[in-house]
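**Q** Chain residues, written in single-letter form:
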Amino acid sequence: MSQTVNITINGRQTQVPQGTLIIEAAKAMGIEVPAFCYYEGYSLQAACRMCLVEVEKMPKLQPGCTLTANEGMVIHTESPNVVAARKGTLEFLLSNHPLDCPVCDKGGECELQDMVFRYGAGESRHVENKVHTPEKQWSPVVFYDAPRCILCYRCVRVCDEGLGVGALGVSNRGVISEIVPNGEDHLKCDECGACIDICPVGALTSGSYRYQTRPWEMTHVGTVCTHCGDGCKTTLGVKNNEIMRGNNRDRSGINGEFLCIKGRYAFDFTSHNERLQAPLVRVNGKLEPVSWSEALATVAAKFKEVKAAGGRFGVIGSTRTTNEENFFLQKFARTGLGTNNIDHHRSGDLATLLDALSGRENALASVADLYTAKGALIVGADLSQQHPLIAFQLRANFRHHAAKLFTVTPGPVREDEIALAAVRAQAGGELQAIEGLREKLAAAGDLTILFGDAIKGEAVRKLVAFGDSLGIPVRYVCLLDNSNSRGAVDMGLLPDLGPGFKAVEKPGLAAPEMLADAKLDVLWLVGANPLKSATLANAGAFVVVQDLFLTETAQRADVVLPAASAYEKNGTVTNTCGEVQKLKPAIRTMGAKADLEIIGLIAREMGINAGIWTPDKVFAEIQQTVRGYNVPAAVLTAGAAALTMPVNGRVASQARPELIRSAGDTLFTSGSLGRYSKVLNSVMESPGGLFRHERE
Amino acid sequence: MLYNQPSPHETRVLTRRFGLPNSASIDTYLASDGYKAFLKAMQMAPDEIVGEVKTSALRGRGGAGFPTGMKWSFVPRNSPKPKYIVVNADESEPATCKDRVLMEEDPHGLIEGTMIAARAIGSEKGYIYIRGEYRYLIDHMDRAIDEAYARGWLGKNIQGTGMNFDLSTHTGAGAYECGEESALLESLEGKRGNPRLKPPFPATHGVYQCPTVVNNVETFYAVPHIINMGGQAFADLGTPKNGGTRMFCLSGHINNPGVFELKMGANLLWMIDAVGGGLRSGRKLKAVIPGGSSCPILRADECDLAMDYDTVAKAGSMLGSGGVVIMDDTTDMVAVGLRIMSFYAHESCGWCIPCREGTTWLKKMLWRMNNGEGRKQDIDLINELSKNMLGRTFCALGDAAAMPTISLVEKFRDEFEAKVRPVMVPVSGPDQLVAIS
Numbered sequence: 001m002s003q004t005v006n007i008t009i010n011g012r013q014t015q016v017p018q019g020t021l022i023i024e025a026a027k028a029m030g031i032e033v034p035a036f037c038y039y040e041g042y043s044l045q046a047a048c049r050m051c052l053v054e055v056e057k058m059p060k061l062q063p064g065c066t067l068t069a070n071e072g073m074v075i076h077t078e079s080p081n082v083v084a085a086r087k088g089t090l091e092f093l094l095s096n097h098p099l100d101c102p103v104c105d106k107g108g109e110c111e112l113q114d115m116v117f118r119y120g121a122g123e124s125r126h127v128e129n130k131v132h133t134p135e136k137q138w139s140p141v142v143f144y145d146a147p148r149c150i151l152c153y154r155c156v157r158v159c160d161e162g163l164g165v166g167a168l169g170v171s172n173r174g175v176i177s178e179i180v181p182n183g184e185d186h187l188k189c190d191e192c193g194a195c196i197d198i199c200p201v202g203a204l205t206s207g208s209y210r211y212q213t214r215p216w217e218m219t220h221v222g223t224v225c226t227h228c229g230d231g232c233k234t235t236l237g238v239k240n241n242e243i244m245r246g247n248n249r250d251r252s253g254i255n256g257e258f259l260c261i262k263g264r265y266a267f268d269f270t271s272h273n274e275r276l277q278a279p280l281v282r283v284n285g286k287l288e289p290v291s292w293s294e295a296l297a298t299v300a301a302k303f304k305e306v307k308a309a310g311g312r313f314g315v316i317g318s319t320r321t322t323n324e325e326n327f328f329l330q331k332f333a334r335t336g337l338g339t340n341n342i343d344h345h346r347s348g349d350l351a352t353l354l355d356a357l358s359g360r361e362n363a364l365a366s367v368a369d370l371y372t373a374k375g376a377l378i379v380g381a382d383l384s385q386q387h388p389l390i391a392f393q394l395r396a397n398f399r400h401h402a403a404k405l406f407t408v409t410p411g412p413v414r415e416d417e418i419a420l421a422a423v424r425a426q427a428g429g430e431l432q433a434i435e436g437l438r439e440k441l442a443a444a445g446d447l448t449i450l451f452g453d454a455i456k457g458e459a460v461r462k463l464v465a466f467g468d469s470l471g472i473p474v475r476y477v478c479l480l481d482n483s484n485s486r487g488a489v490d491m492g493l494l495p496d497l498g499p500g501f502k503a504v505e506k507p508g509l510a511a512p513e514m515l516a517d518a519k520l521d522v523l524w525l526v527g528a529n530p531l532k533s534a535t536l537a538n539a540g541a542f543v544v545v546q547d548l549f550l551t552e553t554a555q556r557a558d559v560v561l562p563a564a565s566a567y568e569k570n571g572t573v574t575n576t577c578g579e580v581q582k583l584k585p586a587i588r589t590m591g592a593k594a595d596l597e598i599i600g601l602i603a604r605e606m607g608i609n610a611g612i613w614t615p616d617k618v619f620a621e622i623q624q625t626v627r628g629y630n631v632p633a634a635v636l637t638a639g640a641a642a643l644t645m646p647v648n649g650r651v652a653s654q655a656r657p658e659l660i661r662s663a664g665d666t667l668f669t670s671g672s673l674g675r676y677s678k679v680l681n682s683v684m685e686s687p688g689g690l691f692r693h694e695r696e
Numbered sequence: 001m002l003y004n005q006p007s008p009h010e011t012r013v014l015t016r017r018f019g020l021p022n023s024a025s026i027d028t029y030l031a032s033d034g035y036k037a038f039l040k041a042m043q044m045a046p047d048e049i050v051g052e053v054k055t056s057a058l059r060g061r062g063g064a065g066f067p068t069g070m071k072w073s074f075v076p077r078n079s080p081k082p083k084y085i086v087v088n089a090d091e092s093e094p095a096t097c098k099d100r101v102l103m104e105e106d107p108h109g110l111i112e113g114t115m116i117a118a119r120a121i122g123s124e125k126g127y128i129y130i131r132g133e134y135r136y137l138i139d140h141m142d143r144a145i146d147e148a149y150a151r152g153w154l155g156k157n158i159q160g161t162g163m164n165f166d167l168s169t170h171t172g173a174g175a176y177e178c179g180e181e182s183a184l185l186e187s188l189e190g191k192r193g194n195p196r197l198k199p200p201f202p203a204t205h206g207v208y209q210c211p212t213v214v215n216n217v218e219t220f221y222a223v224p225h226i227i228n229m230g231g232q233a234f235a236d237l238g239t240p241k242n243g244g245t246r247m248f249c250l251s252g253h254i255n256n257p258g259v260f261e262l263k264m265g266a267n268l269l270w271m272i273d274a275v276g277g278g279l280r281s282g283r284k285l286k287a288v289i290p291g292g293s294s295c296p297i298l299r300a301d302e303c304d305l306a307m308d309y310d311t312v313a314k315a316g317s318m319l320g321s322g323g324v325v326i327m328d329d330t331t332d333m334v335a336v337g338l339r340i341m342s343f344y345a346h347e348s349c350g351w352c353i354p355c356r357e358g359t360t361w362l363k364k365m366l367w368r369m370n371n372g373e374g375r376k377q378d379i380d381l382i383n384e385l386s387k388n389m390l391g392r393t394f395c396a397l398g399d400a401a402a403m404p405t406i407s408l409v410e411k412f413r414d415e416f417e418a419k420v421r422p423v424m425v426p427v428s429g430p431d432q433l434v435a436i437s
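These protein sequence lines are chains A and B, in that order.
Residue numbers for the first sequence follow my numbering, beginning at 1 and rising by one.
Residue numbers for the second sequence follow my numbering, beginning at 1 and rising by one.
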């Protein structure tokens, strides 16, 4: 613990740890020291000179962003000298600024605008020609307008330090300095848009948002990204029932302001012109649009007929639908249809992990824990590609706390660059490779082990045994593919496990077994597309598909029911670390219904009472039924994440490692949603690949 | 070759080998007491060397005038990191041309200076960072370094003393900013030449974040002589706290411009008349820039002063890098201001806002003013904008641009006013327009 010192700011005394930056000490007292280049978490620049403060006994004004608190320091942040300096700096800054606020995307939420309103001069004394250079497009999603740039280097730092990409730099010098991408005229990067977000002015603009709207014309809906399993909160700007942009500038949510290309741009599938907007029923071998009532009646009639005949159902759920939908689906399938043939695409062996960890507290790490862990072992996962938020957290942990990272992967990953040890291990060789790191791992102090689908079945138990043998606190993250892959497991979208990992008396068929079952009568797919890579053994099976698009599976269906996306409904999702968060509908797509409603309507049409199917009521049931989900609803409603604690006892699951396989989505792919996202397909890095990291 | 005839008024310590046949060769060097100081230094404890340099009152010749011995004493000798010697040969201050002459005439003098500094701080590696425009000098220094290696004066176990020291040149890419020591270090590391945040200073966190001594070429040249003659004897050449001699680069409207080694504290007017041969064709002195373009200008009536760091500072200017620019009564001070500001606008690295934007804005205003397009309010604006840069920039480049400009506006305001374009207003009568200001 560092020593505390007394300092005085604007006549008010305070105590802060020695070495606290004055800008932070002032902030804690509610005193604003304005700055452009200072950005907490990133390296110090002292370049913008906006934060100059007066310190008694120091002849010159000092930058508050780099000056550290020392005993007895007396600081003035509003003295005439300081006020004049700020005004002077803003005047300099505006001298070559185009002042095109009326057409600039940033107008209304621009830090320069705010600063000039608050601290600047209203009238310009600059009558010279301004420096002008044409706007440049660096990628489909990033544009750069040098005249607006104030050269605060935030973009350069967030890309280099935050993302570990380092795609941006500075060229030229003096007044013609400008930010340049690594490819001189184009970006080769993650296309995450963090540079755009962090830009205090309108110099960096988004390819999909630019010149579309003004900030105050939108409503802002904080929801959870529907793509990977990290569960980033994304705040969608909505205008006229259209999502204009995604960002998270208010830093609410587990991801702070971090978003990758998917969270920031890949909402565009919602308005894709191939989106299903009416139910389809196969008539004479062709899918014809029909009314909802007709489609539901067709489904209910068939389901009733098969049920009455004692036929076989197969139900495959989704890894993106909400907990409520998953819970309700399995409940209806088990009790209403009388089948345990329920499954989803399994991407990690969570059940075995929880069994191996039974009886322990604090054995699972949250996203926040990844920022504070002293050591992290990454096994068989390309985090920067598959789990960008987790990669970001670990990188920030390395940068700020010198966390010790270790990678055991089949090929190079970006985390190798900051890892204490990077080991290449092919499938099956991971545990042996980890054994070789034993001493280094044990020296880390504490360890978080993150593993992908390479570790499953018995290997998970061996991994936990290895963790136990290290003699230090060890926590685990079982990496899962999609936004609610975790919720699908927790809610019991499994043939052998019900909600809360409770064993089912008569386990049903797993997904591949259903497809291979020649006697299957009905296959009901809620947001799943297994027929992309498999065939249905019974060509005569009645197939019902709920989806956003006419996927390979939907094309085979007898009834297709248009579903709402995660951005169009209420409910909760659970990320790969087990943190549950609430979705909020940003838009509505005409004709589509939330899966929960569709399932409920099918039940009603069949005359089965499966309970009330509003998300709130179902969640209340989940809270009572699923262990670990008894989190305060108010926390979720307020937009925060609540960590679930799924089980603390044995899990009687059938180890089926052969069923577990990650879809292997990269930063630029996202299952069928990714195929319908124009942005993801437009960037030159797409589709990318795993374990192929190369330093640019 | 020498660019000017030596003056009888010179005190030749650093320049004592100038004019010797083949003065750049190691043979000439060894024949004229070369590397003797190094061998002497090897008999001294590192602290003794630093103490001798402190006694000599040697101050950095690059411009800031920081006491060299003190700078060396800041290097943590018990640090486990390697220590580095860096020679700042990025001689870019307008009106300064001393380092090139020293390196041309006596390259081994520089090598010996770095070796003694290395001995003093326990370094085994040095770099000479030479501005890219001095291409020929890089080759010249490389030849001298090769000679020194070949004769065992660089490398492992130098002359059996057990000391190891490697030295190499590094070329700059043409940026004035890289003369600022921390920007130089960035550039040396292969990065963009932006200045670093200070503290920490190079003495503890220099090249590759290791303890580093960065000194000007001329500063290193003084070191062997200090060791040879003793710190006190060197100090006695100058004035108190301003030891030794220094190279003055006399340029401008004088009859005998050139680089001359004079004692610290020499009178400026004497320098102009006796050493510089007086003003050309009997013109009158108007103003002098005493130490390179970043120093505030001195009016003729302020020039009767001793040229040492403290006296010039008291007169409101700086001794700087020794680039003395003498201007006669034909000089257009607005044009001088424009020339200086054009340089700084071109050389501003762009890192911080006041310098990046301020220098260019001022250049544009001074251009207008010099071309008869100035407005009356521009004069005060030039002054105010300069003051808005002064002391508020990241490094001293902003100050370097602001200080001469402020002094020009304040000391020669009448010349600025004379260049203001009169504001014409239409009136009735035969003269359609009348000037109102």
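Keep in mind the hints are simulated off the structure, nothing from the lab.
Among the hints, erroneous ones may be present.
Only pairs whose alpha carbons sit at most 16 Å apart, straight line, appear in this in silico EDC-like list of lysine to aspartate or glutamate [to be verified]: (1) A:K60 x B:D399; (2) B:K191 x A:E568; (3) B:K286 x B:E415; (4) B:K156 x B:D166; (5) A:K87 x B:E415; (6) B:K411 x B:E373; (7) A:K188 x A:E658.
Since the model is a prediction, treat every value here as computed from it, not as a measurement.
**Q** Now tell me, hint by hint, if it's right for this structure.
**A** Verification of the hints:
Of the supplied pair hints, the one linking K60 of chain A and D399 of chain B holds, its CA atoms being roughly 12 Å apart against a limit of 16 Å. Simply put, K191 of chain B and E568 of chain A have alpha-carbon atoms about 48 Å apart, too far for the 16 Å limit, and the pair is violated. Between K286 of chain B and E415 of chain B the CA atoms are separated by roughly 12 Å; this keeps the pair inside 16 Å, and the hint holds. Our distance criterion of 16 Å between C-alpha atoms is met by K156 of chain B and D166 of chain B, whose separation comes to about 8 Å.
This hinted pair does not check out: K87 of chain A and E415 of chain B have alpha carbons roughly 29 Å apart, beyond 16 Å. For the suggested pair K411 of chain B and E373 of chain B, the alpha carbons sit about 21 Å apart, so the restraint of at most 16 Å is broken. The suggested pairing of K188 of chain A with E658 of chain A is violated, with an alpha-carbon distance near 37 Å, which exceeds 16 Å.
The structure shown violates the earlier hints numbered 2, 5, 6 and 7.
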